[in-house]
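Participant: Residues per chain, in single letters:
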Amino acid sequence: MNKLRTDPLPPLRDSLERKLIVALCVAALLFSVVAGAVQFAYSYQHELERSRSALDNLAATVHSSAAIAAFVGNDAIANDVIEGLLRNADILAVNIESDTGYQMLRWKHPSAANWISEDLVGYQLMSPSGAHEQIGTLSLLTNAPLISLRARNAALGQLGMLVAQTLVIALIMLLAFRRLIGYPLSQLTRQLRTVTPGSSQRIDTDPSQKGTEIGLLAASLNHYLAASEDAIRAERELRLRVESMESHYRRIFESTNVGIMVLDTNGALVNCNTVLREGLLRPAFDNSGSADVQGDFLALAFRQPERAWALIERARTNGHIEEADLELCYGNGRSRWGHCLFSVHALEGNGAPLIECVLFDVTSRREREETAVRRAERDVLTDLINRRGAEAYLDRAIRDARRADLDLTVLYIDLDGFKNANDTYGHDAGDQALIEVAFRFGRCMRRASDLLARIGGDEFLIVTYDCNRDSAVVRELAERLIASLAVPISLSDGRSTVVGASIGIAGFPQDGADQETVLRVADRAMYVAKRGGKNRYVYAEAQHADDAAAP
Amino acid sequence: MRTPASLLLRIACTMGLCFMVGSARADIYVIAHVNASTEQLTQQQVADLYLGRTRMLQPGDYVILLDQGNDQPVRERFFRLLTNMSLSQVNAYWARLRFTGRQHPPEPKANDAKVIEAVSRDPLAIGYVGTQPGSQVRVVLHLHE
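In the order they appear, the protein sequences are chains A and B.
Residues in the first sequence are numbered from -14 upward in steps of one, following this note's numbering.
Residues in the second sequence are numbered from 8 upward in steps of one, following this note's numbering.
Rather than coming from a laboratory, the hints here were simulated on the basis of the structure.
The beta carbon of each residue, even a glycine, is placed where N, CA and C say it ideally should be.
Do not rely on the hints blindly, as some may be mistaken.
DEER-style ranges, computed between Cβ atoms [unchecked claim]:
#1 Asp41(A) with Thr49(B): 33 to 41 Å
#2 Asp41(A) with Asp34(B): 35 to 43 Å
#3 Val23(A) with Ala102(B): 48 to 56 Å
#4 Met63(B) with Ala26(A): 56 to 64 Å
#5 Asp41(A) with Lys121(B): 43 to 51 Å
#6 Ala74(A) with Glu124(B): 52 to 60 Å
#7 Thr49(B) with Val23(A): 44 to 52 Å
#8 Ala74(A) with Thr49(B): 43 to 51 Å
#9 Ala74(A) with Ile71(B): 42 to 50 Å
#10 Ala102(B) with Asp41(A): 24 to 32 Å
#11 Ser142(B) with Asp41(A): 38 to 46 Å
#12 Thr45(B) with Asp41(A): 36 to 44 Å
#13 Met63(B) with Asp41(A): 31 to 39 Å
To spell it out: a stretch of chain B is covered by chain A in this simulated footprint if at least three of its residues, at any positions, have a beta carbon under 8 Å from a beta carbon of chain A; those stretches are [to be verified]:
#14 69 to 80
#15 107 to 121
#16 132 to 143
Could you put together the complete structure from these sequences and hints?
Facilitator: See the structure below:
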């Protein structure tokens, strides 16, 4: 976590230094071009003027001699003056002439070019006497190309100097930048890079940087590092606390055997815990363990989702928790039950409310309850349905048969000679005999859905569904039942006993419209069979039933 | 009796006299022989002659110029009135001309009397004096101070 990041600095693609170089070069270039042009023009002009000024001075120097020569027409002085002047490289030819007609013209080279009026400079020659009158002219033919060339060379020299100065200054600035800014900045950056956020590391700077912008930057960074260290430490502590709390709650959420799920108002699953995902509602999830988050999860979870929705609607309107036992979809034939507590909460900020459902597995309780019910309807000795269960079954069967417009037949069986055996061999033997009889009767049953019940001490009842009492099936069943008792019943102590069966047969709807009537009619028929000599079966007759009901 | 007023008056009269005498002495007279061909000369003509620009007044009419000694105050006055040049300028000027070997400065005479004497003897001579000359020479130009 606190691993030091020492990966090298990425290469600077666009360093300040390079930018500065470019900026300096551009500035130097621009400056050289502009200032150079100005400087060149100025130097050139200045040099020309200087040449002209030198020429003027020269002319002034020789003026008095030239004036005398012109004044008196003295060739020797004029020659002297002209020779002196021609020694100057700038002068190609000299002409001295006076108003009185004196003239002397000399060329530096005999083959010199023609006069060019622009290059000709004339000076007035004044009288040597004090009078301010012009007595002649001193004309100088200048070597204009030479002067111009020299001026250009001088200007170029100045220009070169300027450019060199500019370059030197740019170089100095660049070096100064590197020394004063670039290097300290990159040092600072390198240090900052090795600092782990939240650690106690700080940036060291050269003491000479104290008071500079770099020093200020380093100080600010250190301040920031200190602040971030505090913040990160606080954050870390807080996060640890939150994490421990969260894992605590997560453990509760995940380890409890209470299922918790959160749905949106469309019934789509937002979140649930593993109890639901891997236990109670596993069939609602696909193989990857995720639910269809778009669809109505309640339809997948509950056999009767409309009940769940009704509870949710109530919870939404009254703001309380609504609870009920709901059957869960558990696929494989077994039914599972959940006790569900629904509540609807509006989230802060987010407008759409969420549905919370807490779900306990109450399958075992329901099963216990059902078992208790079943046990109440079952005979403990033979594990057959007892009288109460038989009556309930018959109620349902008659209801179903009436709805489906079907027949059913009731066989009321009373054992013959059982009291005798019971008295002779004891209760245990009686019980054994009853168990054996139940077993033998069970083997005679046409199908498992038909009812075999023990409705009294030695009384049994068989109900065959979708079967007319006069059919061969019923007759054969009655005969099989009687025949099954023909073989003596072996008792545990080695002895054996024989019991018989008197059977009364009644049918729905011929012999009665309800359970009580049908049973009574069948019972009456059974007594008829007893009186008729036992070990036989007798079909009920309606009038008998009515007679029997009359007294 | 001598009063301050009479003293002042006498000083003023003396100063006025002195001024008049000085003024008369400052004039320069350019002179020629009484039989010379020229009656009058302009200041320009005289300057051209004395600065060596010309040596004759008309073609073929050469003149002989007479100067005065460098120590004579009249020479300084003469060149100042004629050309507005100081003596040192004039000397330098002539030194330059003389250096060429072709021109010679006018011949110097010791004083006004020698000049007058030389001019009165030579019809080609021209000179100058600081005092009004007598009738033995002709004044061809009068330079006033």
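Participant: All the hints need checking, so say for each whether the structure fits it.
Facilitator: For each hint, the structure was consulted:
1. Asp41(A) with Thr49(B): 33 to 41 Å: Since the Cβ atoms of Asp41(A) and Thr49(B) sit about 34 Å apart, the hinted range of 33 to 41 Å holds.
2. Asp41(A) with Asp34(B): 35 to 43 Å: The hinted range 35 to 43 Å holds for Asp41(A) and Asp34(B), with Cβ atoms some 41 Å apart.
3. Val23(A) with Ala102(B): 48 to 56 Å: Holds, at about 51 Å.
4. Met63(B) with Ala26(A): 56 to 64 Å: holds (58 Å)
5. Asp41(A) with Lys121(B): 43 to 51 Å: holds (47 Å)
6. Ala74(A) with Glu124(B): 52 to 60 Å: At roughly 57 Å between Cβ atoms, Glu124(B) and Ala74(A) fall inside 52 to 60 Å, so the hint holds.
7. Thr49(B) with Val23(A): 44 to 52 Å: Check failed, 58 Å falls outside 44 to 52 Å.
8. Ala74(A) with Thr49(B): 43 to 51 Å: holds (45 Å)
9. Ala74(A) with Ile71(B): 42 to 50 Å: holds (47 Å)
10. Ala102(B) with Asp41(A): 24 to 32 Å: Given a distance of about 26 Å, which is inside 24 to 32 Å, the answer is holds.
11. Ser142(B) with Asp41(A): 38 to 46 Å: violated (55 Å)
12. Thr45(B) with Asp41(A): 36 to 44 Å: holds (42 Å)
13. Met63(B) with Asp41(A): 31 to 39 Å: Holds, since Met63(B) and Asp41(A) (Cβ atoms, about 37 Å apart) stay within the stated range.
14. 69 to 80: Violated: only 0 residues of the stretch 69 to 80 of chain B have a Cβ under 8 Å from chain A.
15. 107 to 121: Contact hint for the stretch 107 to 121 of chain B vs chain A: holds, 4 residues under 8 Å.
16. 132 to 143: violated (count 0)
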